[in-house]
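Asker: Please construct the entire structure, taking both the sequences and the accompanying hints into account.
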Amino acid sequence: MIRTENLRKRVPLAEGELEILKGIDIEIKARESVAIIGASGSGKSTLLGLLAGLDVASEGDVWIDGVSLAGLDEDQRALLRAEKIGFVFQSFQLLPSLTALENVMLPLELHGVANAKTLARNFLERVGLAERTDHYPNQLSGGEQQRVAIARAFAAEPAILFADEPTGNLDTATGAHVIDLLFEINREQGTTLVLVTHEQRLADRCDRRLRLHGGALVGEESGHVSRDGHSGTPHLRGV
Amino acid sequence: MTALRMLLRDWRGGELGVLLAALVVAVAIVSGITAFTTRLQNSLEQESHRFLAADRVIMGSREQPAEWLAEAERLQLRTGRVLTFPSMVYAGDEDMVLASIKAASSEYPLRGELTMSADAFGTPELRTEGPPPGRVWLDSRLFALLNVAVGDKIYVGDAALEVAAALRNEPDRATGFLGYGPRVLMHIDDIPATNVVQPGSRVRYRILLAGEEPVLDDYVEWLEPQLPAGQEIIDVGRNQRGVGGALERAESFLLLAGSLGVVLAGVAIALAARRFSERHYDYVAIMKSLGTVSGKINRMYGLSLLLLGALATLIGAALGWGLQALFFTLFAEALPVQPGPAGVRPYIVGGATAVVCLLAFAWPPLSRLGGASPLKVLRRDLPNAVSRSAIDNGLGLGAVLLLMLWYSGDWALTLAVLAGLAASASLAATVAFLLLRGGRLAGMRAGSIWRLALASLQRNGSANTLQVVIFSLAIMLLLILVLVRTSLLEEWQMQLPEGTPNHFLLNIAPDEVNAVRDTLSQTADLAEPLYPMVRGRIVEVNGVALGRSDDPEEGRRERETNLTWAREIPTDNDIIAGEWWDPNTEEALVSVEEGMAESLELEVGDKVRYMIGSQPLDVTVGSIRRLDWESMRPNFFMIFPPAVLRGYPATFMTSFHLDRNEKSLLNQFIRQYPTVTVIEMDVVIEQVRGIINQVSAAIELVLVVILSAGALVLIAGVQSTVDTRLYEGAILRALGARRGLILGGVVIEFAALGFFAGLLATVAAEIAVYVLQTFALDMDYSPHPEIWLLGPVMAVLMIGALGVWNCRRVVSSPPLLVLREL
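First to last, the protein sequences are chains W and L. In my numbering, each residue carries its 1-based index in the first sequence increased by 1112. In my numbering, each residue carries its 1-based index in the second sequence increased by 3.
Hints in this document: simulated from the structure, not taken from any laboratory. On a predicted model such as this, the values are computed, not experimentally measured, just so you know. Idealized CB from N, CA, C, for every residue including glycine. Incorrect hints may have been included.
[Unchecked claim] Straight-line C-alpha distance at most 27 angstroms; calculated BS3-like pairs for lysine-lysine:
(1) W/Lys-1229 to L/Lys-299
(2) W/Lys-1141 to W/Lys-1196
(3) L/Lys-299 to W/Lys-1196
(4) W/Lys-1229 to W/Lys-1196
[What the hints assert, rightly or not] Okay, the calculated bits of chain L under chain W, using three or more residues with CB under 8 angstroms as the criterion:
(5) 294-308
(6) 368-381
Answerer: Written out as structure tokens, the structure reads:
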């Protein structure tokens, strides 16, 4: 589904170049859920941006469903995103001037889906916000806003969902609820899930965890880890 | 559909209010002012045509060929014919008077009305046609001079005609009122019976024409090439009625105001659009992350702008129409002629303004939205697309230039205003930067509120400099308009003050001078001395004979004018070349009016020969004078030292003011001095005053509209930095700052911006008003000490209040809410 080869990202600084990603090679299969973990500044979000085609690599390439991102311009990447990719962000990224319902309708409208309103309403119902459709983002709590964002992300039925610190701005209980929801719908829709987090609890629920440090992939472990950390069979191997 | 939905959502979000308001104001200003001036011009044109009794007149010393009339009728123009000639008029055996006969066809007058009364001094009534064949109307004076009453017969040549009424006024009386004595109006069909019109008689033949302007133009175009010598086509300019100069300045003012209004609205649009686009970068980043391509984003925003433009054009045009309609309704009574509709052109101009404003001011920042990086969804700190302010400003400046040019049709005015704007903007930018720095240094030694405010001012140095420039430009433009308006109104008040002479007396015989002066001093305010008047013809300049006056060749021609003498220069005359003479001089000198000197190509020192009757008079041009033709006082082209004209036959003239309720005294006067010609200008002066009042009110109204454009600029300017200030205020509150401290800081910050802007605006406005009044509007300049206080104080109050109003949320809502929303 997603494959990278020698993926590098460098940014120019006053005192020379800074390499944020140092040659990443990964492969993510369809329907797999993968967590990218690591400390702040390890390059997690940069990697997510490159995987999703939001940013351009300095070297190397990303293939999504066999399509090389390096060969696409911004508009072609946008079309690819429209077709295959959904997002959930740490800061929710809802449009403040739109109601919850309108925010969910946005991608559907942009793709010219006919019954956008009904579909959007169904998804809001699915995330438990049937009563809040006409509320604006600033009238919703953080958890509610993130549920709207999840509804928006799944409404377009993407093949891949990228989530950037989806619980980063939420308290533990709310975060847990949001995660449950995310994984539930993910399972229902059979979406490939790539999420960036520094929250172990969230990472443990993924099929696989990729650990970044200083821009390099330093570890990979697979297998579910149950919430109490005892059951399941995680396999850790160095890279 | 997506664009419409997006527009509706943005509208609900309050993002579009200022943008739409600025567009609406631009369209309303442009269409309203254009409609207003078009209708006013149209009304004044009709008014001026009344003074010709037609739209065009063909006048000549020979009868015009029949095909000229036939062609006019073929083009469906209305036509009429008029003959004028001097002739003796008899009643009985003894009474005869040299009268000025006017013989008119039934269509006369094509424009305006005749004023008549049932007997010599009866109640005046209006008529749209003169007497029928067999009857005449007589000048009131003739009743006494001929000793006749209504119903009696008089003779013009061999024709006996019945006196039917008194002719009190003719619309075209002013053209050649110094004719040959009292008027007799008869029907043109009676002319053959008179046998007075023979080859060689001094007859003037006129064809009167009226109809649609384009048709008239076609006709004139057809006629002009075949017009023989001695025939001319007369089209009345507005200048002859004393309102010309005033109206031209009013028009210039309205165009200036309108242009400045468009500039202001343009700035407001640019500011609002920039803020709108800055607040939409995140929006676009999200849409792009959801897979929208930049072309689609551009199309959506482009379409939104088009919809917005269409909406603004509709509202603005309706508002513009409403403004001018309201105006013409309020002032209908003051109008001499009800104006026709202005047509659709004003609204097309308004719509085009909206399109140009959107393309030049709003589109550049919005067009860059398509280039927003989708990565912004992950990293909100990514900078927005690079602003290309140099290109944007160039585009805006170009658009303003084009709009002003198209709108005013005046290169000089356009370039003057733009040069003024550019100079003031750069000056303001430099000074503002320096002042803001100075403010910081002063603030370092001041208390904490001041330190906070002034530090904030300086930290956002370039943004604040831009704000000061924008504020000061807006305030400057408003001050300029207020000052120029005040000067215009004052000048008009001075031009026709209460007691302006409204009656002229001509043909006063030398032996009547003392008696007339006594009578006038008892009955009216004698505003002017009695001026002697000698009729003379200028025939030679420096020994070269001039062409005959009816010679169609270009260049200097013989001119017949009224000559007068005076020891001292008349009060409102100015010498522009040469010198006025010694009061007792015996030298053969003449002082010539500027325009006359120009048309005869005369300079000081030239030798001029006049013929007065059959006697030649040789004089040297001693001086050239400029005088105020709009003053309603006796004015003379040629003035001589008293000694030079002594011995020539003179009559005297004067002017005086008579109130409407003293009008009956005039009848007494006419009976007492039947040979004196009275010209009643009171109606004309009242009309002039009416028009001036109307135009003054129009200027006030336009000023209010422009003020709203200025207010929008101020609002847009304040809003452009509100987000930063809100954010900083919220952080300060989160850190424990008291509301008073933050509010105080905001007040000081905006008040300081206002003060700098007001000060700069005052200096710039004073300079601009000097330049405008001296070079563009042809008025006298005097400094305006009052604005030196008013400018800065008003600016502090307005900008301070607007700033606090817009930033009130920072102290009224919980800091967390503010921080979450930003």
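Asker: Determine for every hint whether it applies to the structure shown.
Answerer: Here's how the hints hold up against the structure:
no.: 1; hint: W/Lys-1229 to L/Lys-299; in the structure: 21 angstroms, holds
no.: 2; hint: W/Lys-1141 to W/Lys-1196; in the structure: 14 angstroms, holds
no.: 3; hint: L/Lys-299 to W/Lys-1196; in the structure: 18 angstroms, holds
no.: 4; hint: W/Lys-1229 to W/Lys-1196; in the structure: 21 angstroms, holds
no.: 5; hint: 294-308; in the structure: holds (count 6)
no.: 6; hint: 368-381; in the structure: holds (count 5)
When the structure is compared with the earlier hints, no violation turns up for any of them.
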